[in-house]
Amino acid sequence: MRKFMFAAVAAFLSGTFALAAQAAGEQDPAPSRSWSFSGPFGTYDRAAAQRGFQVYKEVCAACHSVKYLAYRNLRDLGFSEAEVKAIAAQYEVTDGPNDDGEMFQRPAVPADRFKSPFANDKAARAANGGALPPDLSLIAKARPNGANYLHALLSGYREPPADFAVPEGLHYNPYFAGKRIAMAPPLNADAVTYADGTQASVDQMAHDVTTFLMWAAEPKLEDRHSLGFKVILFLIVLTGLFYAVKRKVWADVH
Amino acid sequence: MAFQTNNRIIKWIDYRLPVFSFAHHSLIEYPTPKNLSYWWNFGSLAGIMLVVQIVTGIVLAMHYTPHVDHAFASVEHIMRNVNYGWLIRYMHANGASMFFIVVFIHIFRGLYYGSYKSPREVLWFLGVIILLLMMATAFMGYVLPWGQMSFWGATVITNLFSAVPYVGDSIVTLLWGGFSVDNPTLNRFFSLHYLLPFVIVGVVALHLVALHQHGSGNPLGIDRKGPQDSIPFHPYYTVKDLFGLGVFFIFFAFWLFYAPNALGHPDNYIPANPLVTPAHIVPEWYFLPFYAILRAVPDKLGGVVLMFGSILILFLLPWLDTSRVRSGRFRPIFKQFFWVFVLACLALGWAGAQPPEGLPLAISRVATVYYFAYFLVILPLVGWFERPRPLPASISEPVLGAGKMAAQPAREKA
Chain D
2 MRKFMFAAVA AFLSGTFALA AQAAGEQDPA PSRSWSFSGP FGTYDRAAAQ RGFQVYKEVC
62 AACHSVKYLA YRNLRDLGFS EAEVKAIAAQ YEVTDGPNDD GEMFQRPAVP ADRFKSPFAN
122 DKAARAANGG ALPPDLSLIA KARPNGANYL HALLSGYREP PADFAVPEGL HYNPYFAGKR
182 IAMAPPLNAD AVTYADGTQA SVDQMAHDVT TFLMWAAEPK LEDRHSLGFK VILFLIVLTG
242 LFYAVKRKVW ADVH
Chain R
2 MAFQTNNRII KWIDYRLPVF SFAHHSLIEY PTPKNLSYWW NFGSLAGIML VVQIVTGIVL
62 AMHYTPHVDH AFASVEHIMR NVNYGWLIRY MHANGASMFF IVVFIHIFRG LYYGSYKSPR
122 EVLWFLGVII LLLMMATAFM GYVLPWGQMS FWGATVITNL FSAVPYVGDS IVTLLWGGFS
182 VDNPTLNRFF SLHYLLPFVI VGVVALHLVA LHQHGSGNPL GIDRKGPQDS IPFHPYYTVK
242 DLFGLGVFFI FFAFWLFYAP NALGHPDNYI PANPLVTPAH IVPEWYFLPF YAILRAVPDK
302 LGGVVLMFGS ILILFLLPWL DTSRVRSGRF RPIFKQFFWV FVLACLALGW AGAQPPEGLP
362 LAISRVATVY YFAYFLVILP LVGWFERPRP LPASISEPVL GAGKMAAQPA REKA
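Chains as they are written, first to last, in our numbering: chain D, 2 to 255; chain R, 2 to 415.
Check before you lean on any hint, since a few could be wrong.
Said to hold, decoys possible - Taking lysine-lysine and the DSS-like style, the derived pairs with C-alpha atoms no more than 30 Å apart in a straight line are:
1) R:K226 - D:K249
2) D:K180 - D:K123
3) R:K226 - R:K35
4) R:K35 - D:K249
5) D:K68 - D:K86
6) D:K249 - D:K231
Don't read these hints as lab results, they were simulated from the structure.
Please model the entire structure based on the sequences and the hints provided.
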């Protein structure tokens, strides 16, 4: 029964995703990968998420904001309080007005939101040839089949087929709607140097940053999974008791 | 058995305000047919879901900001910073879907067992009014997070009213509070989204008054002949409803904890942008059958009329169904048309999610024709020409029957 339900839901979901993908325009479906956070007991692979944060910080953050994250949230990924303070302190943020009515710059503290690379959307467009790099806080939930899609997109740049025209300023990526994307290939092998010695291949970096972005979009996933397990277990026992009582109460009616 | 107590305080209050006698009368001793199947659980489930939606909604409203510049961010604030905010919001968002699942099953049960027939017509009307109020409430609720689908769904649906002759544009301006979907729209939708659930509570109360006037129908569709056909609501149906509630909550919890976004649309995690139209604008799944009917008609006004007509036609149902037999169990011809009708509704739901072209469009047209033919042609004619199978003499007969083997032979005989 349980197996059947999972299968039914999976079928339903894949149908929904296929539908949405089809709706978004011509593109290749993103291949399915296994993720630490998928499944009913899924959790975030802390090492991958920390490496992913590094990729975001050193590569993506040049253009993309994650404005719903605060530096304090990094504690969830296993960074210590001191590490979070040190990370925040690397950024200068605008605060104020002070008692003189002036805005001033100060180092960021853990309570501050992640500093955005551009002052506003217009500035972001101006620096990116008119295209707006989307905020990445929710990107993993804002695309159908989010995690697989992000990984496929980030590692999916290649030469276009001979008969496929790609205008100047765009790049060929079969996983993007319309297959032409303004973002230049963001990941090159060894673009970052991982402290834990992991080889920074494009595939590895795409995997790590996707884990980080999934966490950014759904930071309470682990709480949800563990609470859900307890709630459902409780409900099964409770429902069993109700059934037993029901049988007993109804015994004299039938 | 009237309400009795030895507690002097309760006696004192009840003599002046008979709340205890009332509760005893309508929740405990309320005589209920002894043969209700599990299809009769969905009414109480719907009531529970209404309470779940109101309680979670009130908590959400404490943290939500109905302003175009802050709505999306305030929902993310709930998801990230409010204690258990993610739980409350996912409960509310998935709760809406659960509410509709339960209510749709409740309605199909009524259609199959003839719950709309005399003397329960007004009970049925009140149910249809609840459905309309639910749809309005759910639609406006989906707008509140101010994501892309919120914005464009609101734009598409409110624009439908412009098809009304002469006053259409004025109606749309009134709905918007301006000349496009904007902050005034969000504000009034929030206000109404908070108001309408309490209106639903009022109509539900009337629904229950009408229900208790003649009591529940039953799978045999025959009236109760005497006390041997009834059992008191408590403990028999309280415990049966609790068991059903447990099963249903497990189903609810599965979506809530393990697929909380599966019933939503990814685009609603993109903040509303009036300058970028999504490739395909689709409403929430529970509106898809009606959306399919809307798009099946090549004319805008015609589509709007049929879409609203698909629900309003339910008001005529007590007179369109000419059969005097309530339960579909004894109507061999009706039964077949009924299941095709269920299939047509599912097909409409599927077609509503597809782009309106090719096969999905053709299917939605065929299903739309069948939907209306079912009410306007099939039900009146089948009632005339069908020869129903003989009804059992009483509710107790097939239940008690002749000992252990009762159920099968009795059904065949019937």
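Each hint, compared with the structure:
no., hint, in the structure
1, R:K226 - D:K249, "holds, 26 Å"
2, D:K180 - D:K123, "holds, 25 Å"
3, R:K226 - R:K35, "holds, 12 Å"
4, R:K35 - D:K249, "holds, 15 Å"
5, D:K68 - D:K86, "holds, 18 Å"
6, D:K249 - D:K231, "holds, 27 Å"
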